[in-house]
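Protein chains: 2
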Amino acid sequence: MRIVALAGGIGGARFLRGLKDVVTPEDEITVIGNTGDDIHLFGLKVCPDLDTVMYTLGGGIHEEQGWGRADETWSVKAEMKAYGVGPEWFGLGDKDFATHIVRSQMLTAGYSLSQVTEALCVRWKPGVRLLPMSDDRVETHVRITDSEGTRAVHFQEYWVRLHAAVDAEAIIPVGADTAKPAPGVLEAIAAADVILFPPSNPVVSIGTILAVPGIRQAVSAAAAPVVGLSPIIGGAPVRGMADKVLAAVGVAATADAVALHYGADLLDGWLVDTQDAGAVAAVEAAGIPCRAVPLLMTDADATAAMARAALELAEQVRS
Amino acid sequence: MRIVALAGGIGGARFLRGLKDVVTPEDEITVIGNTGDDIHLFGLKVCPDLDTVMYTLGGGIHEEQGWGRADETWSVKAEMKAYGVGPEWFGLGDKDFATHIVRSQMLTAGYSLSQVTEALCVRWKPGVRLLPMSDDRVETHVRITDSEGTRAVHFQEYWVRLHAAVDAEAIIPVGADTAKPAPGVLEAIAAADVILFPPSNPVVSIGTILAVPGIRQAVSAAAAPVVGLSPIIGGAPVRGMADKVLAAVGVAATADAVALHYGADLLDGWLVDTQDAGAVAAVEAAGIPCRAVPLLMTDADATAAMARAALELAEQVRS
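Listed in order, the protein sequences are those of chains A and B. Each residue of the first sequence is one higher than the last, beginning at 26 in the working numbering. Each residue of the second sequence is one higher than the last, beginning at 26 in the working numbering.
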């Protein structure tokens with residue numbers, strides 16, 4: 026079975042680990058990773074979501090934190106502070122810096138982000154084929170209004186520095202309109218037996234991937250059933266501040282509103298948490314088969330059960 | 026008093042620390058640093074000699090080692106090895122990496138190496154004005170013949186990787202012929218009251234600085250007395266493998282041969298170690314006033330005494 030998953034960072038990566046636990050060795054998983062979170066820091070290209078997937082599936086992630094490396098050291102960051110070179114608000118550990126140095130060196134040498142990602146995965150062996158959504162630069166910016174006025178800031182500045190404490194007025198995937206899907210992305214979607222939307226952020230993770238011209242159309246046109254998992258449980262994001270960016274696109278932070286935001290032209294199935302069982306009817310009324318199952322990734326077993334439920338729903342809607 | 030010193034790495038930096046100990050607060054020291062040892066590693070610009078001077082005078086040097094940072098960590102290097110990205114033979118610690126990341130970011134942004142060096146020194150406060158010999162790229166290569174044939178390797182590969190175990194057949198300062206002295210270099214030399222050649226490598230450190238068109242001529246034409254200190258004691262380099270590169274330019278590894286290599290057109294005075302007192306006559310016969318004094322930088326006092334002897338000789342030859 027060929028499974029394609031669109032994925033953001035922490036939530037997507039953890040779900041993918043559960044997915045790997047339930048597939049057979051013959052199954053192939055292709056992950057299309059969000060690169061809208063990418064940022065240039067200290068002259069280096071940082072790809073937070075790709076790295077979170079790579080580190081999580083490759084066994085190098087800081088488990089409790091969900092991002093960055095286990096057993097990390099922080100010498101470079103301390104030195105940057107001593108040099109007065111910012112930003113200070115983005116946490117790059119020494120081991121993580123090495124990834125960005127290697128990536129930047131390869132990009133400067135002329136390799137594409139796809140090629141670089143493949144090279145990094147030679148070490149990490151994530152057990153999936155990890156493709157960036159695009160080799161072109163796409164950067165999600167967020168329009169905000171605060172004491173400094175109305176302006177657009179990089180998504181990372183909004184998320185990490187400002188902790189999404191101010192309302193997001195608009196989400197702007199800068200460069201997405203002219204970006205091309207990375208090699209293999211459209212082919213993987215077209216050839217898929219199942220397409221999954223993990224419980225990643227529907228706006229700035231999966232939404233950004235879908236904003237690359239051709240990808241939404243390919244998912245919509247795919248023969249494979251498309252099944253998503255709600256990142257909203259009980260009216261709030263399980264992790265992160267997805268409600269803030271949902272509000273920016275006029276979507277309520279509820280399990281059913283997210284499903285309707287994706288829409289029946291994309292989704293062939295939707296999973297909500299058991300505590301959102303009341304949302305099933307609204308989703309099905311929109312033409313999207315829906316099931317209520319436990320969606321908290323509390324441990325490996327719970328996560329695997331979610332992946333199994335997603336694959337089961339895909340089989341049900343296929344026939 | 027305005028003192029100008031040409032300097033390589035470890036030996037030059039340690040001498041400069043002694044020099045700082047004997048000058049008055051009103052004296053100004055300008056250091057013209059060798060950049061022929063510079064190398065691009067992992068896509069980053071590394072300036073070993075400038076950094077050794079900066080770290081040594083700024084209090085950040087690894088004292089026993091003579092290069093690199095005190096209390097260093099090595100996470101990035103371990104990661105590079107895990108990624109299979111070399112070279113492994115060049116020791117860059119995490120703190121040191123930070124310097125190269127900041128430097129590379131600034132260079133990419135369009136700042137000159139002079140400007141970058143000045144910016145880095147805002148933190149390190151070396152107590153001297155540190156100028157790179159040139160803002161243009163100069164790389165010392167060494168011609169060798171070994172089992173892989175005859176070829177030119179980067180000086181760092183010769184020195185650090187091959188430990189100068191094979192003979193150097195030629196020293197080639199690639200790019201030196203078209204390099205321009207960095208802003209302030211010629212002016213500092215012309216305005217100097219004293220010019221010093223620390224006991225740095227006469228070929229690949231001071232020799233490379235002098236190979237930048239205009240610098241040798243400026244030193245030769247300067248009104249100030251030029252006094253050098255022999256890096257060779259008892260027929261061998263105090264540190265490093267200077268004999269190997271001296272042989273490449275046909276100069277014997279003796280205190281007097283090095284003086285004659287610089288020549289009376291450059292030198293107005295030369296210090297040899299007391300155990301090389303027998304060389305004084307030969308140096309003076311070539312028209313270069315010479316003194317035998319202890320030249321081992323065993324501690325701060327011994328180093329300060331060397332600097333004092335150099336300044337005293339400069340005063341003697343001035344009149």
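Take the hints with a grain of salt, since some may be wrong.
Stated by the list, open to error - With a Cα cut of at most 35 Å, we get these calculated DSBU-like pairs of lysine-lysine:
| no. | chain 1 | residue 1 | chain 2 | residue 2 |
| --- | --- | --- | --- | --- |
| 1 | B | 205 | B | 150 |
| 2 | A | 150 | A | 205 |
| 3 | A | 205 | B | 45 |
| 4 | B | 205 | A | 45 |
| 5 | A | 205 | B | 150 |
| 6 | B | 106 | B | 45 |
| 7 | A | 205 | B | 106 |
| 8 | A | 150 | B | 106 |
| 9 | B | 45 | A | 106 |
| 10 | B | 45 | B | 205 |
| 11 | B | 106 | A | 45 |
| 12 | A | 45 | A | 106 |
No lab work stands behind these hints, which were simulated from the structure alone. Quantities reported herein were computed from a predicted structural model and do not represent experimental measurements.
Hints versus structure:
In summary, the hint linking residue 205(B) to residue 150(B) is supported, as the alpha carbons are separated by about 26 Å, within the 35 Å threshold. Of the supplied pair hints, the one linking residue 150(A) and residue 205(A) holds, its CA atoms being roughly 26 Å apart against a limit of 35 Å. Proposed proximity of residue 205(A) and residue 45(B) is contradicted: the alpha carbons are some 59 Å apart, above 35 Å. In summary, the hint linking residue 205(B) to residue 45(A) is not supported, as the alpha carbons are separated by about 59 Å, beyond the 35 Å threshold.
Proposed proximity of residue 205(A) and residue 150(B) is contradicted: the alpha carbons are some 48 Å apart, above 35 Å. Our distance criterion of 35 Å between C-alpha atoms is broken by residue 106(B) and residue 45(B), whose separation comes to about 40 Å. A threshold of 35 Å between alpha carbons decides the hint, and for residue 205(A) with residue 106(B) the separation of about 33 Å falls inside it, so the pair holds. As the CA atoms of residue 150(A) and residue 106(B) are separated by approximately 16 Å, the hinted pair is consistent with the 35 Å bound.
Straight-line distance between C-alpha atoms of residue 45(B) and residue 106(A) comes to about 28 Å, which keeps the hinted pair within the 35 Å bound. For the hint pairing residue 45(B) with residue 205(B), the CA-to-CA distance comes to about 28 Å; that is within 35 Å, so the pair holds. Distance restraint check for residue 106(B) and residue 45(A): the Cα-Cα separation of roughly 28 Å lies within the 35 Å cut-off, and the hinted pair is therefore satisfied. Between the alpha carbons of residue 45(A) and residue 106(A) the distance comes to roughly 40 Å, so the proposed pair goes past 35 Å and is violated.
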